[in-house]
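Asks: Here's the letter readout for the chains.
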Amino acid sequence: MENLGLFFALAGAALSAGLAGCGSAIGVGIAGQAASGVVTQEPNMFSKVLVLQLLPGTQGIYGLLIAFITLTQIGIMGGSPDISLLKGLLYFAACFPMAIGGLLSAIAQGKCSVAAIGLVAKRPDQFGKAMIFPAMVETYAILALLISILAIFGIQGLAL
Amino acid sequence: MSKVPMKRIFICGMQEDKKSILDLLQRKGVVEISENPEEYEDCDLKTTDTMADRIESDRKASVCERALEILESNAPDPDGGLFKSFEGASSIDVKEYESRALKNDEYYETAEKLIALDKKIAEAKADIPKCETKIETLKPWLGFDLPLDFEGTKESAAFIGSVSDKKDLSEIYEGLMADLDDGVGVDVSIISSSDDMTCIFVVGLRKDKEQIEEALKGIGFAKAQLSKTVPAEEVKNLERQISEDNKFIEACVNDIKALSSERDNLKFLEDYYRARSDKFEALGKMKQTKRTFFMEGYIPKRYAESLTKLLENKYDAVVKVEDPAEDEDVPVELKNGLLTDPMETVVESYSLPGNGEIDPSVITAVFYYIFFGLMLADVGYGILMVAGTGIVLMKCKNIKPGMKKMMKLFLYCGIATIFWGAMFGSFFGDAVTVIATTFFGRPDIKFPVLWFEPVNEPMKELVFAFALGIIHIFTGLTIKLYQCIKAGAYKDAIYDVVFWYMFVGGGIVYLLTMPMITGMLSLGFTFGPTVATVSGAMAIAGCIGVVLTGGRESRNWFKRILKGAYSAYGVSSYLSDVLSYSRLLALGLASGVISTVFNKMGSMLGATWYGVLLFIAVFLVGHAMNLAINVLGSYVHTNRLQFVEFYGKFYDGGGRKFTPFRENTKYYKVKEDD
Chain F
1 MENLGLFFAL AGAALSAGLA GCGSAIGVGI AGQAASGVVT QEPNMFSKVL VLQLLPGTQG
61 IYGLLIAFIT LTQIGIMGGS PDISLLKGLL YFAACFPMAI GGLLSAIAQG KCSVAAIGLV
121 AKRPDQFGKA MIFPAMVETY AILALLISIL AIFGIQGLAL
Chain V
1 MSKVPMKRIF ICGMQEDKKS ILDLLQRKGV VEISENPEEY EDCDLKTTDT MADRIESDRK
61 ASVCERALEI LESNAPDPDG GLFKSFEGAS SIDVKEYESR ALKNDEYYET AEKLIALDKK
121 IAEAKADIPK CETKIETLKP WLGFDLPLDF EGTKESAAFI GSVSDKKDLS EIYEGLMADL
181 DDGVGVDVSI ISSSDDMTCI FVVGLRKDKE QIEEALKGIG FAKAQLSKTV PAEEVKNLER
241 QISEDNKFIE ACVNDIKALS SERDNLKFLE DYYRARSDKF EALGKMKQTK RTFFMEGYIP
301 KRYAESLTKL LENKYDAVVK VEDPAEDEDV PVELKNGLLT DPMETVVESY SLPGNGEIDP
361 SVITAVFYYI FFGLMLADVG YGILMVAGTG IVLMKCKNIK PGMKKMMKLF LYCGIATIFW
421 GAMFGSFFGD AVTVIATTFF GRPDIKFPVL WFEPVNEPMK ELVFAFALGI IHIFTGLTIK
481 LYQCIKAGAY KDAIYDVVFW YMFVGGGIVY LLTMPMITGM LSLGFTFGPT VATVSGAMAI
541 AGCIGVVLTG GRESRNWFKR ILKGAYSAYG VSSYLSDVLS YSRLLALGLA SGVISTVFNK
601 MGSMLGATWY GVLLFIAVFL VGHAMNLAIN VLGSYVHTNR LQFVEFYGKF YDGGGRKFTP
661 FRENTKYYKV KEDD
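Line by line, the protein sequences are chains F and V. First residue of the first sequence: 1, per the numbering used here; consecutive thereafter. First residue of the second sequence: 1, per the numbering used here; consecutive thereafter.
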């Protein structure tokens, strides 16, 4: 059981990729339903609504990013995977902002994208503004990502 | 560089020149005609209602559009292709236009012919499944050699039909006999049977017909569908019908294909009717008397003189040009240079500058390219963007203006991406290192890093992003200062801009005198105590200024101070604005790290031949995906930084777009020779 640290670090990475990915899947999914509805009526709106549908997809990528950095740092992607229990728990905590922030913000952003798709369907000229509303939600995923990244890079330097 | 200066234009001319002047104006496309100027209502000038004519023209245009669609689906344009969708209208000269316009009835007949052919095809296509179902229902009767509507002879009565489920002869007799009187005889023969149906032929005496009918009802007998011919014959007829339908469809398709030479004419006709519809709209806005007409509108200053000369020399027309009034709702057109005109699409998608506001395109452009480049930051991706947009721009000389701006936007963003990619040493992520290490055993070969690698020093890039953000926000405030001074609102300039400069600027500098902050940001320097005193005093002075003046529209001092304090609380929004620029780091890292992931995945099988194949496949798919999603992300978030953090400081927009009366055509533009 002396390698429990590694387990917690890996669990953190898994949660950040998994939960943020779930959030994005839900967000992109509901936005995709709205987008399909618009395209049945107006096939030439495809590219515009596609952009709006993809907006909640970034959280999944951020989650992947955090998971990947963690995996590299703890030595699972080549290297010697040997870290203390405390360090493992720290990595676990560091992954948490991205996991939770990614999950919930992607769902909220998906709902916002649905509304934005409705806006573009009625007023195609307002695409620029419609795009900004979901992007406002994403700010919080980016802040979560930032904290996770800084924390992970910070832990690396600690002698624990 | 700026908003195009606009003039008001008044044109008065004779009725007989009306058509030709309208044509001229439409081809020039520089005048926006205003709707019903009301101040002339008491004169004899009247407007005509042209709605009906417009609707008719629109209808004809959509007939042509439909005809072109039919042509395209049956005989695709051989000239079509990847670049066709970017192409705009090509130009034809007046003579050609006039000669083709004369033939519009002829062309319209072609369009209607195409639509009629399409309708015939649709009817024939609908007939085929009908015949097929009939054949299906006749199949059980194929072995039967009487017509299905046979009802018997003089003495006998015949019943042709089916009962449900598979039944054998004895079951049927049993069922029938139960309901029949003694002495009534029937003869049943089974024609065919399947799992869910048995087809039978029942013969009896004519005088027992009713009783037999009742008995048959009892066992669930259903009459077969009528047909006057023998089933086998009927099936043959139906099959012939289907093949005739197919031949007919083929003939119609060939007829359509034969008309494909008319494609250009139909395109011309669609444009002709679209232009006509616009002309009727313009006509509806005019004021007219029996002999004269009058219209007014807006024209960009640079065209005003030449148009006046042209109209006055060519026709008996009077043209007056004057400056619009200060508070008038003048339509806005932006004009920018080579590097900054793609920004017009960005500005337009937010809102065009309103009255008294400057065109923010130039200043937006500077930050736009920097931010986009920072978020994507990869030499390889930048080269792909430059190549892709460059090819489109070179191949399509006739590209639509809006599309051209978009392509140019991504071309310049691509260049910025190459620049930042070089600064951060990223070429398809760490592709150079991975390829050199995996396939050539040379881990020492690296893509040069001109500045630093964000993955190794994320704090450094974060500080850089914040610094850029502070510059961006302060630039926005400066523009507000400029606008206030230009409008002569010096007090507002001091209250709303200078105090904030002192408050936020002083605050930031004061933070940099604290070792804790500089240590956290690893800046490597800390300002001394003198700076601390000065900047602290400045911040406090600014803060007091904001508290005293932030609520200056209230006369009640108590209320005023409360409001002022609330507006000073707005400093927290500056904090969140600056933090928002951390997305420059986050998105930059995301695109970089994900390309690294793909490179790593690709190199997993090592330096074998299948390892090389895997690497190529993962490289192509992975980077294509990463490029697509990150270009989208960079575009969206660059826009957001401009719209929310930057424009929020100085720009309200609300301008109305200049929409001149012109040829809104898809395929042809008439070139007016001067």
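If you are wondering where the hints come from, they were derived from the structure by calculation, not from laboratory data. No residue lacks a Cβ here, since even glycine has one placed at the ideal position from N, Cα and C. Hints are not guaranteed to be accurate.
Quick partial rundown of chain V residues pointing at chain F, CB under 7 angstroms, derived from the structure [as the list claims (entries may be wrong)]: (1) V386; (2) A387; (3) K395; (4) C396; (5) S582; (6) R583; (7) G633.
Asks: Against each hint, give a clear statement of whether it holds in the structure.
Replies: Verification of the hints:
1. Here the hint on V386 of chain V is broken, as its CB sits about 21 angstroms from the closest CB of chain F, past 7 angstroms.
2. Evaluation of the A387 of chain V hint against chain F yields a violated restraint, the C-beta minimum of about 21 angstroms exceeding 7 angstroms.
3. Checking K395 of chain V against chain F by beta carbon gives a least distance of about 20 angstroms; that is not within 7 angstroms, so the hint is violated.
4. Given hint, C396 of chain V at the interface with chain F, is violated; its Cβ is 18 angstroms from that chain's nearest Cβ, farther than 7 angstroms.
5. Against a cut-off of 7 angstroms between C-beta atoms, the interface hint on S582 of chain V holds, since the closest Cβ of chain F lies about 5 angstroms away.
6. The interface hint given for R583 of chain V holds, since its Cβ lies 5 angstroms from the closest Cβ of chain F, which is under the 7 angstroms cut-off.
7. Here the hint on G633 of chain V is kept, as its CB sits about 6 angstroms from the closest CB of chain F, short of 7 angstroms.
In this structure, the earlier hints numbered 1, 2, 3, 4 are contradicted, and the remaining ones agree with it.
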